[in-house]
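In case you want the letters, here they are:
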Amino acid sequence: MYIKKLFVRGNFDEAYIYMQKLVLINEDGDLFFVNLDRATQHLEQEYRNKGYSSSIPTHLFSRNDWLRGEQFKSLLSNVSISKAFLSALKDFPENIELPSNNFIEHVGKTGVSKLLDTTIYNRRIYLGNEQGSYYLDLEWSDRFIKQNKAAEKQHDATCVQINVSHGAVNLSCREDGLFTRFDDFNKLESNQYSNEFRPAPMSNTSFRTGWLNSQLVNYSSQTESMALKVRYSDEKVADADTQEKIAIGFEDNPILLKRDSSNALFTSNTENSLLIQTVNQELLQINVKREDLNPNQKEKILYQFLERIFDIKKLNQSFVIELYDSVQLLNKNKLFSLVDEEILSMKTYPNSRRYKNLTTIVTEEGVYIISIVDVPDFPQQETSSDNYGYSDWDDGDSPDINFF
Amino acid sequence: MSADTGKMTPDGMIFGPTKSGKIYLCAKWHRMVGNPHKSVWTISHYEEYLIFSTSDEKNWRDDKNTYWGIKKEFEVIGKHGIDQNIEYRIAKFQIPPNENDVWHGHTTNADRPPDDIIKIWENEAYISKPRAKSIRKGKI
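Just so you know, the protein sequences line up as chains A and B, in that order. Reminder that position 218 of the first sequence reads as 218 in our numbering, one-by-one numbering, no gaps. For our numbering, add 404 to where a residue sits in the second sequence, where the first one is 1.
Bear in mind the hints are in silico, worked out from the structure with no lab data behind them. Hints should not be assumed to be uniformly reliable.
What the hints assert, rightly or not - Computed cross-link-like contacts, DSS-like style, restricted to lysine-lysine with a CA-CA straight-line distance of at most 30 angstroms:
1. Lys523/B with Lys153/A
2. Lys73/A with Lys5/A
3. Lys462/B with Lys114/A
4. Lys533/B with Lys153/A
5. Lys109/A with Lys523/B
6. Lys289/A with Lys300/A
These numbers were taken from a predicted model, which means no experiment stands behind them.
Make the full structure from the sequences, and use the hints.
In C-alpha cells form, the structure reads like this:
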C-alpha cells in the first residue's frame with residue numbers, strides 16, 4: 001500500500017475532480033481549477049530533475065486507469081519491470097506540494113457562497129448551501145473551464161448533500177426532507193418529470209443519500225435509513241453515450257434498513273452492502289440481497305474503532321473514513337492516516353475512469369489529492385513464467401527501464 | 405446562594421441567578437446513568453451551569469426560546485444514558501412550562517441549533533469552520 005499526497009494550498013470550501021481538472025470553490029463562491037495534466041507534467045519535470053522516475057506523478061494523480069490497464073498489467077507481469085515500478089513508487093516522496101500560484105486558475109463567480117456540498121455530473125456542477133441548491137453549466141475543454149453565466153437556483157431549502165446519478169438529482173435538505181428531480185437532462189422522449197423537484201416518499205428528513213443495488217437509501221440521521229425503491233425507464237435514451245439506466249420515480253413504500261433494535265453510532269452503505277458502526281464502535285459490513293434489499297445475516301467486522309465515525313467513502317477495496325479530527329484509510333483490517341486535522345469536505349470517485357484511486361480532502365489550509373496504490377496488484381516475486389516477451393532477460397541482465 | 409455556588413436540593417444542584425435573572429437546576433435525572441431516554445452530563449455541575457449562563461448571557465436562543473450551549477473547543481459534555489460510547493457536545497435548554505420555574509437542560513446529538521447560532525459559535529471561535537459545517541450537515 002502506497003499513499004502519496006499532493007497538496008494544493010488555499011482557502012477552499014469544496015473540491016471535486018472532473019475531466020482532468022481539480023475544481024475548487026472558495027467561501028465566497030469563486031470558482032477555480034487546477035489542470036491536473038499540466039500539474040503532473042510540471043511535477044514530472046521537477047522530480048526528474050531531482051532524480052526520481054518521471055512518470056510516477058501521472059500514474060498517481062492523473063491517470064489511475066493506467067495502473068489498471070491490461071497493457072500496464074502485462075508489462076508489470078515482468079518481474080523486473082514490476083520491481084522497477086514499485087521501487088520508483090516507493091522512492092517517490094509521500095508529500096508534495098503544488099506551487100499554487102502557478103496552477104490555480106480563476107474561472108468566475110458562481111454566486112453561491114459558503115457551500116455545504118458540491119458535485120459534478122454530465123458537465124453540470126451542483127451546489128448546495130443554507131440558501132438552497134443551484135446548478136451551473138460549464139464549458140469544459142482540455143485546457144480550461146469557461147463559465148458563461150451565474151449559477152441558477154433550483155430549490156429553496158437548505159441543501160446539505162446533492163447526489164446525482166441515473167439522471168436523477170437528489171437534494172438532502174435536512175428537516176425539509178429529500179427532494180428529487182428525475183431525468184434532469186431530458187434524456188427520455190416521454191419525459192414527464194423534468195423541471196420539478198418532488199418530495200420523496202416517507203423522507204421528511206434527509207441528511208444524505210447513497211445508492212444501494214440501484215436503489216436510493218435516505219439517511220434521516222447518522223443512524224436511521226430507508227431504502228427507496230427506484231423505478232427505471234425501459235426507454236432507450238436519446239444520448240447514445242449514456243450507459244446508465246434513467247430513473248423515473250420511487251415506489252410508494254420504502255424499506256426500513258435496520259440491523260436490529262440496538263443503537264448504532266453511524267450507518268452508511270456501499271453499492272451492495274450496509275456499513276454499521278455499533279455502539280461498541282465496531283464497523284460491520286453486511287451484504288444486501290439485490291432482490292429484496294434485506295440484509296443477509298452474515299456480518300463481517302471490518303475494524304474495531306476507538307471513536308465514532310462521521311463519514312465513510314468507498315475507494316476501490318478500501319474505505320476512507322472521517323473521524324472527529326482526522327481522516328483514515330481502512331484497508332484489509334489496517335488503518336492508515338491520511339489527514340490529521342478537521343476537514344471541510346471529502347470526496348472519492350468510484351465511477352470515474354481516471355481517478356478511482358484518488359480521494360480529495362479539503363482542510364482549512366488547502367486541498368489534499370491523495371492517491372492510494374495497493375501494491376498486491378503487482379507481481380513482486382520472481383516466477384518462472386509469463387515474462388511476456390522478455391524471456392531472454394534475467395534479473396542480472398534486465399534492460400535499463402527508464403520509461404517511468 | 406451566590407451565582408457561582410450551587411445549592412443541593414432533592415432535584416439536583418441549583419445555581420443562579422444568571423445576569424438575566426434565571427435560576428438553573430442541574431437536574432439529577434440527567435446525571436444518573438441507566439435511562440436510555442435521558443442523556444447524562446459528564447462535566448461538573450458548575451461547568452454545566454456555566455454553559456447555561458453563557459448561553460443566556462450571549463442570547464443563543466432560537467425562535468422557540470430554547471437556549472443552546474457548548475463548551476469552548478467543542479469538548480464532550482455528555483453521554484447517552486446507557487451506551488457510553490455515544491458522546492454529546494451540544495446542550496439544549498428548553499424554556500420551562502411556567503415562567504417562575506427553574507431552567508434545566510440536557511446534552512443531545514438528536515437536535516441541532518439553528519444555523520444563525522452555529523454561525524455565531526463559529527465567529528466567536530467556540531467551534532472551527534470545519535466543525536460548524538459538520539454540525540450543519542448533521543454529522544454531529
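Results for each hint:
{"no.": "1", "hint": "Lys523/B with Lys153/A", "result": "holds (23 angstroms)"}
{"no.": "2", "hint": "Lys73/A with Lys5/A", "result": "holds (24 angstroms)"}
{"no.": "3", "hint": "Lys462/B with Lys114/A", "result": "holds (24 angstroms)"}
{"no.": "4", "hint": "Lys533/B with Lys153/A", "result": "holds (25 angstroms)"}
{"no.": "5", "hint": "Lys109/A with Lys523/B", "result": "holds (23 angstroms)"}
{"no.": "6", "hint": "Lys289/A with Lys300/A", "result": "holds (15 angstroms)"}
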